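Participant: The lines below spell out each chain.
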Amino acid sequence: MIVDILFYITALVAIISGLLVITGKSPVTSALSLVLNFFCIAFIYLMLEAQFLAIIQVIVYAGAIMVLFLFVIMLLNLQDDMTLFERFDLKKGFAVLLTGLFLLEIAYIFSLDSVSVAPKGVTGASFPELGTVESIGKYLFSDFVYPFEMISVVLLSAVVGAVVIAKKKVD
Amino acid sequence: MNQHIDAIVALSAILFSMGVLGVLTRKNAITIFMSVELMLNSVNLALVAFSRLHNDITGQMLVIFVMAIAAAEVAVGLAIVISIFRNRQTADVTEINLLRW
Amino acid sequence: MNIGLFGLVIALPLAGFLLNGALGLFNLLGWRSESRKPVVGWLASLAILVPFVVLLFIFLGMSAEDKSIVTYYRWFSVEDLNINIAYQIDSLSVLMGLMVTGIGFLIHVYSIGYMKHDEGFWRFFVYLNLFIFAMLNLIFADNLVLLFLGWEGVGLCSYLLIGFWYKQAFVNDAAIKAFVMNRIGDFAFLIGMFLIFKTVGSLSFDAINSNVGLFDESTLFWAGLFLFIGATGKSAQIPLYTWLPDAMAGPTPVSALIHAATMVTAGVYMVARLSPLFSANAELMMIVAVIGGLTALFAATIGLFQNDIKKVLAYSTVSQLGYMFLAAGVGAFPIAIFHVFTHAFFKACLFLGSGSVIHAMHDEQDIRNMGGLKKYLPQTYITFFIATFALAGFPLTAGFFSKDEILFRTFASGNYILWGLAIFSALLTAIYMMRLTSLTFYGKERFDSHKTHPHESPALMTLPLWILAAGALLVGFLGLPGVVAPTNWITTWLEPSVINVEGHASHFTEWALMALGSGLAIAGLFAGWKLYTTNLETVARLKASFSGLYNLIYNKYFVDETYDNVIVKPYSWISNSLMNNLENMLLYPLYGWTAKAVSGGAELIRFIQTGHTPTYVTFFIIGVVGVISLILFI
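Protein chains in written order, with the numbering used here: chain A, 1 to 171; chain B, 172 to 272; chain C, 273 to 906.
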């Protein structure tokens with residue numbers, strides 16, 4: 001019961017913070033809302049007993065990535081952007097329509113009988129050991145070792161690329 | 172918690188749509204990036220939920236890789252934004268039409 | 273029969289072609305060397321000599337009935353059509369192969385001397401080797417398609433070699449003319465091939481020749497006729513003969529090898545190879561015989577008044593090819609091949625001799641500017657003289673036996689008109705050949721002896737002449753006439769491979785015909801010698817009194833002009849009017865409209881290319897929504 005209430009509150013906060021991200025006037029508002037959103041998601045991860053991912057979510061997303069965002073915002077000293085409903089024009093109306101359509105379609109898919117989130121035979125029993133650091137580590141370095149190595153190369157090239165692109169022209 | 176899987180997937184869909192709306196309507200490149208992050212996270216959420224439902228670690232593995240890719244994307248993307256801002260004094264995507272010959 | 277080494281016969285000329293072609297790259301790189309020329313020349317000659325020796329061994333080890341087919345490679349296969357790179361070795365193909373490689377080798381050796389100072393030396397030998405390769409494919413082919421490959425291959429080499437001195441415009445014109453004329457024939461050849469395939473379902477000679485009964489009367493006639501039109505193109509018969517005299521623009525060894533001894537006889541060879549098919553239809557045979565007879569006479573008359581030493585020989589070749597078709601047409605296929613064989617010797621000898629003369633006269637080809645060369649060029653003179661007598665049919669020379677047999681068979685088959693044409697042509701042949709010899713070697717010197725100093729050619733060039741002259745004297749004894757020997761070697765040898773319709777006449781008739789033929793030959797030779805050595809004024813007076821006829825013949829019956837007016841000019845008129853009307857009035861505006869429509873359409877949709885990322889993202893999302901809708905609702 002208490003878990004249910006906690007979940008719904010978290011979900012509500014996540015939706016509100018998400019709305020703030022896309023409607024916030026200043027980029028800083030958006031960024032801080034996004035941090036809040038990430039925390040909510042991390043909390044849901046915890047509820048789903050994905051402990052490792054919850055920690056990573058906080059450290060990598062809410063920590064490293066968002067700090068990077070904020071850092072760039074300050075570096076560029078951006079002006080306030082127009083919000084979604086300020087100067088509402090045809091273009092924005094079309095965007096809302098399109099998104100609404102998209103959401104409706106997703107809803108329609110889940111309303112179909114043939115499609116269900118939990119197919120028959122899937123009990124949804126609790127497997128507490130699934131999301132631990134131990135099991136994640138075991139799989140990451142055995143079954144998923146090649147993707148893991150590859151992703152490290154991708155990250156390395158991204159780092160090099162970022163440095164090259166962002167540095168001042170040296171003539 | 173498993174009885175909430177439906178709700179979690181619904182939340183994921185809503186967050187994803189918000190991300191789409193943000194990408195479509197915002198003009199500031201950085202805000203657009205943040206919307207993209209929102210979309211990535213909603214997908215991650217769905218993945219973790221399904222992983223729990225099916226008792227399959229693959230979903231969580233995928234989430235780790237998505238995070239790594241997101242980090243790489245943000246690094247390169249922000250570098251591009253900085254580079255453009257340096258040249259054009261703006262991060263407004265409607266003022267940048269480099270894709271047009 | 274041991275055919276283990278047969279692969280060399282086909283492979284070596286090809287190897288010579290490739291190797292010399294590679295050596296030629298040094299020239300292109302600018303690394304020219306005179307000392308490399310003999311290497312190129314002898315390499316090419318060796319690539320022909322070895323196949324000759326191999327064929328000689330096969331020849332000595334086989335009997336006339338022997339026949340084998342070697343298959344090397346499946347070329348292509350479509351449904352029922354299976355075409356192999358396969359070679360048929362029988363008495364006919366081995367005899368032809370021996371002739372081609374033997375004479376080819378002599379001409380290669382001759383060319384080493386003749387082409388010595390030419391800058392395109394290696395190119396020349398590359399083409400020659402390629403030619404021999406193609407010719408051997410043509411001869412040994414087991415099926416019509418492979419024969420056609422060789423057929424086109426020799427046509428290509430002919431084109432390349434006629435246009436060898438490509439820096440002069442008329443040389444290129446002659447090459448293109450030869451190519452186009454042959455192409456007309458080849459088109460007909462292809463149609464004939466299709467008709468045969470339609471009926472027989474196979475294109476190998478064995479299948480065709482053993483299934484002649486499958487044809488209905490008209491298909492057989494048309495198939496044979498189209499193949500024969502192909503042969504008239506390649507073998508320079510009426511109406512497609514006009515390219516051959518022009519082909520003399522090429523180097524003289526080429527004229528000897530390709531345009532006298534080997535390639536132009538390919539048509540005769542093909543007809544002989546398909547002799548069961550041709551002899552199955554009497555009308556077809558009649559057409560072959562009539563075309564042959566007419567060509568023989570027609571070309572012989574033109575040869576009477578030509579002034580270019582090589583042109584005379586060219587018309588003589590056309591005329592002799594006519595004899596071969598005449599022989600084929602009356603069913604004497606072995607005799608046609610016999611004449612191919614003897615003709616190759618004396619005509620190659622004549623051409624090489626004329627090359628020697630041209631060489632000595634520093635590229636002078638007009639016999640009006642020669643005369644009295646006998647004392648300067650003794651060896652050339654003697655060999656040329658022998659070959660002239662052989663061609664004229666002087667008794668006991670090679671030409672006598674083969675030509676006499678053709679005349680006899682024509683007479684025996686009952687075609688007295690054709691026989692009349694042929695015997696009259698024989699007389700003309702003797703006259704124009706002796707005229708050529710007289711004007712060249714006898715009489716006064718009509719050139720400036722201070723400027724031109726004729727000299728005998730080197731041994732490299734005279735040796736082939738002697739060998740060919742010996743052949744011109746002796747090979748005739750392979751085919752002794754029936755009155756002397758009941759069976760002769762050539763007929764016995766060829767009969768397993770080709771049809772031979774025996775002609776029957778009393779011995780008296782045969783003797784009488786032989787005496788008539790010899791008499792006319794001797795009379796013609798004498799007349800030619802008498803008229804053109806000492807009585808040139810008489811000739812001039814005769815020309816003046818028959819000036820109309822003379823002009824007609826001198827201008828080759830205006831055939832070229834007629835073709836020009838009847839075919840070339842209307843064709844270019846139609847092309848031009850199409851160009852001016854259809855092309856300019858309709859098609860060009862159409863292109864313009866198409867371009868305008870495209871650019872107008874592009875103008876309409878280019879607004880989506882804003883260059884702004886949000887636009888593209890919007891389209892992307894529309895796409896996503898659209899695809900989901902498609903999956904869900906359709």
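Hints were generated in silico from the structure; no laboratory data involved.
Values in this document were obtained by computation on a predicted structure and should not be read as measured data.
Please note that the accuracy of each hint is not assured.
Claimed, not checked - Straight-line distance between alpha carbons at most 25 Å, and here's what the computed PhoX-like set of lysine-lysine pairs gives:
#1 LYS198(B) - LYS91(A)
#2 LYS439(C) - LYS309(C)
#3 LYS815(C) - LYS802(C)
#4 LYS802(C) - LYS646(C)
#5 LYS25(A) - LYS198(B)
#6 LYS198(B) - LYS92(A)
#7 LYS388(C) - LYS470(C)
#8 LYS439(C) - LYS388(C)
#9 LYS449(C) - LYS841(C)
Participant: Among all the numbered hints in the text so far, which are the ones the structure does not match?
Facilitator: 7
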